[in-house]
Every structure is written in structure tokens, then in C-alpha cells.
Amino acid sequence: GNLGSQLVEYKEEMYITSDCGKTWRQVFEEEHHILYLDHGGVIVAIKDTSIPLKILKFSIDEGQTWSTHNFTSTSVFVDGLLSEPGDETLVMTVFGHISYRSDWELVKVDFRPSFPRECTDDDYESWELTNLQGDNCIMGQQRSFRKRKISSWCIKGRSFTSALTSKVCECVNSDFLCDYGFERSAPLKSESSKCFADFWFNPEAPPEDCMLGQAYTSSTGYRKVVSNVCEGGIDLQQNLAQHMCPLMAPKGLKISIREESLAVKPGEDITFIVRQEQGDILNTKYQVDLGDGFKAIYVNLTMTGEPIRHRYENPGIYRVWVKAENVAGHDEAVVFIRVNSPLQALNLEVVPVVGRNQEVNLTAMILPRNQNLTVFYWWIGNNLQPLLTLDNFLVTEFAETGNVRVTVQASCGSSMLQDSKVVHVFDHFHVLPLKFTKHLDMYNPDIPEWREDIGRVVTQLLSKETNIPEETLMTVVKPGVPTTADLHVLLPANQPKRKRSVTSDKRIATIKQALNAHNISFFLRGGYWVLVTLADSDSDSQRIGGGSGYWAIVVLFVICLVAVGAFILYKFKRQ
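In terms of UniProt numbering, the sequence shown is residues 1 to 575.
Hints listed in this document are in silico derivations from the structure and should not be mistaken for laboratory results.
A portion of the hints provided could be inaccurate.
Heads up, simulated PhoX-like pairs for lysine-lysine below, C-alpha to C-alpha not over 20 Å straight-line [what the hints assert, rightly or not]:
| id | residue 1 | residue 2 |
| --- | --- | --- |
| 1 | K47 | K57 |
| 2 | K464 | K512 |
| 3 | K254 | K167 |
| 4 | K295 | K285 |
| 5 | K323 | K295 |
| 6 | K108 | K54 |
| 7 | K47 | K108 |
| 8 | K295 | K254 |
| 9 | K438 | K478 |
| 10 | K421 | K478 |
| 11 | K435 | K478 |
| 12 | K167 | K147 |
| 13 | K512 | K435 |
| 14 | K285 | K323 |
| 15 | K11 | K47 |
| 16 | K254 | K285 |
| 17 | K224 | K167 |
| 18 | K147 | K22 |
| 19 | K251 | K194 |
| 20 | K464 | K506 |
| 21 | K108 | K57 |
| 22 | K224 | K194 |
| 23 | K285 | K251 |
The calculated label-pair distances, taken between Cβ atoms and stated as ranges, are [stated by the list, open to error]:
| id | residue 1 | residue 2 | range |
| --- | --- | --- | --- |
| 24 | D61 | G233 | 35 to 41 Å |
| 25 | M442 | V375 | 32 to 38 Å |
| 26 | F201 | S166 | 54 to 60 Å |
Quick caveat: nothing in here was measured; it's all calculated off a predicted structure.
Note that CB positions come from ideal geometry on N, CA and C, so glycine has one too.
Produce the entire structure from the sequences given, and follow the hints as far as they go.
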């Protein structure tokens, strides 16, 4: 340590005490490795430094004087000091290394030849332990010890004991402290001042575990210091008042789950533990309602610690309620249990083509569909901070054109699934809304895979019939019935803006001509042909740009044909 008001890192001085810390004296100005030999009869010190050493210091007079000794002919980097178990030996070992790449070096130092004889009783002197005030009674006893005289040059040996006598003292005020809830009177707050109850503490109040029919004692404001062995004299704990425990209302009622999880699967065991912090438990009844129709009344529930085991068969949120009640009052506790089936499937549904600064609806479809309190995490583009919702949809906008990846995670209980889609953001494109007849609805399972298949087939047929590049067409079938879809006609890239407009108008006209001529058709399982036509040949297409648009309706209707002659079948499958 160091002298001063606080510790200083660069000052690592060494101090020693010979009276159990009552007084201290400095022995070194730098930090040293210290080892005690022969019950402190020899103190060995080696400087703690990064340079190699070959000299150690030792003292046989409790650090009053120090001698030096060359423990090795070659300097070594000292890592530490070792001795046999205990401190009664006079043999020690210095361990270190000659260089940073060398092996361990162990140097044995034996101080036994330096001491000619064993110590006798005449070689010792006694001393009494006192505190800073000079009192001999510490922790209720007066103790005397012996130590070797400074002038004696002898070995204490293994059988040496330092304690001489121990005498129990009479109790005085200093042997007592203020009890819990009490403090010394201001302003002195010395040991001679009295202990008074704090404003928040009622010394007459029964303890928390006090049961009806039992007795308890109220504190006088004092308690004996722990481990103090004084006897007789002053007893500040006397005249303790005896009280009978009253019937106390239950307080601090709590419900916990042994499995430590408030979310379980249907049919999974769950164990409830009911605890009560205060109040009577022998004369208290506990009403339990587990939320699914199970109700029961228990006696001594918190005293026996008996758990309540249950199993929820159906998904849902269950309110578990416990009420503890006796004549003096009552207390309640509530916990909500989530019973969820694990998520089986997650599909992110989003229009793949959107206009810049236009609202777009991101929808996460999950199975099972009726999940309770499923949390959805949405990542838009490269943003590392997700948006959290309890709804399975999110309405957002995209301020920049290009491809934006949208990722959603659905978390329900201990299960979590993820899906991701890429959204193409454009300044301008055309949309032709499609509408299907009710015959196609009979084959609509309303699943993402089926909608993607139908959209892919329509896009391929239109591209083949009109010679329009397939990458500039995209058919998106909407969820639900009746079955509807949107045909997105993307503007060609790498062309002047005016020329792109002219080219786009020609492509729209070509698509309408193909649809009006009933040239787009494919065959469904079950003998149905699907023809793609415009519902209203006079309607215009919708051109998306800057938030405006026009709508045109395309009707897909299903006609049952009895084929006479040759015809072309279009078959499609899930890819």
C-alpha cells in the first residue's frame, strides 16, 4: 500500500505489523515476494521485478532488520517462492527461469544450518492483544500470546503455538450493536448513545413466519456482536417482551413455473409452485383456477410446498389465478400461460413489383393459422434494426428504385421461422388486373405455391404468344377467392424515356390483341380449358408512375370443351 488518502498505482510500498494490525511500519519502497518460514521466525523477501536477480533478503526479528543472501550464482527471473505446506519449515524454493525461452529453474534455500538450536521457554516473551483504544477485551475475551525474543537465534519448530491464555470478559456496551430496524441516536451516534427504532420499523410487529398460537419476542433495540463471547456484565438484550402471534393475513402470494417457461406445447406437462412470503399458512385456504375449467381448493398449500401439475390440451392463452384467504384478509396472484403449437410453415407474400413511394402490404402467412401472440420481426433491405409487430402484416414504402430484400421472422413460443422475398421497385410500369371465373376457384387451394404456378404459366404463355421478353412480364395471383391476379408489364430498360413509352404502348396493345383473340389458354386437370381474355375490351391499362394509375380488367374463364379434331395441350407442374 501507500500512505495517503487513497491508493496510488505507482507506489507499491511494503508495510509490516507485529501486533495484529494495531501499528504498521514500512520495510520496503517496492513490491516484494514474501514468504514466512518457521511460524514467522524467518521472513524472506525477493523484489518483484522484471529484471533477473540472485539476491534475497531475510529477517529474523519481525522485519526490524534485514540481511541478504546469494541464493544462486546465476541471476534468474523470479516468478515466485514456495515452501512446504504450513509455515513451520525452514526450507524454501525459488522458482523462475534464466531466460524467457528456458525451462523452469528451481533453487532450494535451506535456513536450518543458520540456527544452532531449538527454542526454549526462555526464548519467548508474552504480549497482550489490544485494540486502538488500548482495551484488552476484544470480542468478549482477553487473549495473550507469545513470540520469540528478538535477541534469540533459535528454531521455533513444528510444535510451536503462539496463543498462551484466553479469558472471557464481562459484557459492556461495545459488545452490542443496534438490532435490525434500529440506529444510534443522532448526532453523535457513538457506542454510548442509545438505539432507537427507525421511522419505518415497528419493533412490536410479529415476524413474517409467526403462526397463530406461537409466541415471539420483540427486540429491545440491541443484539450482541456475532462471535462475541462475553458473559455477564451488561445485558442490553434483557427484558425482552413476549407476544402471542396473531392471525395474519396472507401477503406476498406468488405463482411460479418449475419449468421456468410461460409458453408450453399442447399436451405438455406444466408444474405450478405457489409461495407465500408473509402471513398465516395453517389457517389459510387457497383457491386455484387454472383457466381451462380446472378449479380446486387447497389447505396448507404453501407450507407443504406441494406442486400443482397440469396439462393443457388445446392451444390458447390461459389465466391462472390463486387466492389465499383467511379471517384476517386475502391476497391474489395471477400468471398467464401461453399454449402454442409449434410453427410449421411461414410464407412471406408481397407484390414483387411496386412503384417508388407507393404503399405496399407485406403479409406473413403462418401455419397453424390461429396462433396466439405470434411476434413478427421485419427486416427491410440492409437495415439491422427490425420492426416488431403482433399483426402478420406491415405496410411500408420504398423510396429508392432497385431490388430490395424483405425478410420476416415469426416467433411463437420456442419456435421461430423465417422467409425472405425480393421486391423490385420501379418508377414506371403498367398493370393489367386479371379476374378468374368461378370454375377456377374450385381448383384454388389458396396456397402460395399454387398461386406462383398459375402466375408463371400465364406469364410464359403471354411471352410465347406475343414475343415479349418474359423478364418484362410478371403475373401475380392474389390470395383468396374469387381468384384474381395482376399482370405487371415492366418498361424496357436501356431506352430513352420517350421511346420506352411508345414501345410500352405497343406491347400493351399486343397483349390485349392476344387476349381478345382467345389465343392464351391452358388445360386443367379434369378436362377444363382455361381461356384468358379481357373482360372489357374498351378499358385502358394502368400506368404506374409517381403514384397514379389506370385499371383494366382481364377475365380468365373456364370452358369445358368437347374436342373434335386436333388441339394443343399446355401442361404445367410445380418447379
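Note to self: With the threshold set at 20 Å, check whether the alpha-carbon distance from K108 to K54 stays at or below it.
What the structure shows: Cα-Cα ~13 Å, so holds.
Check: Does K47 lie within 20 Å of K11 when you go C-alpha to C-alpha?
Finding: With Cα atoms ~14 Å apart, K11 and K47 stay inside 20 Å; holds.
Note to self: Would the hint linking K438 and K478 be met if the CA-CA limit is 20 Å?
What the structure shows: Between K438 and K478 the Cα gap is close to 15 Å, so the pair holds against 20 Å.
Note to self: K323 and K295 were given as a pair; does the straight-line alpha-carbon distance stay at or below 20 Å?
What the structure shows: holds, 12 Å
Next item on the list: With 32 to 38 Å as the target window, see if M442 and V375 comply at their CB atoms.
Entry: holds, 36 Å
Next item on the list: For the pair we were handed, K251 and K194, check the Cα-Cα distance against 20 Å.
Entry: violated, 33 Å
Check: Are the Cα atoms of K464 and K512 separated by 20 Å or less?
Finding: Distance of about 14 Å is within 20 Å: holds.
Notebook entry, point to check: Is K254 close enough to K285, meaning Cα to Cα at most 20 Å?
Noted result: holds, 15 Å
Next item on the list: May I ask you to test the hint 54 to 60 Å on the CB atoms belonging to F201 and S166?
Entry: violated, 37 Å
Margin query: What's the verdict on K295 and K254, does the C-alpha distance respect the 20 Å limit or exceed it?
Written below: It holds: about 18 Å lies between the C-alpha atoms, which stays within 20 Å.
Notebook entry, point to check: Regarding the pair K108 and K57, is the alpha-carbon distance no greater than 20 Å?
Noted result: holds, 15 Å
Check: Would you say the C-beta atoms of D61 and G233 sit inside 35 to 41 Å of each other?
Finding: holds, 39 Å
In the structure shown, a violation is registered for the earlier hints numbered 3, 19 and 26, in ascending order.
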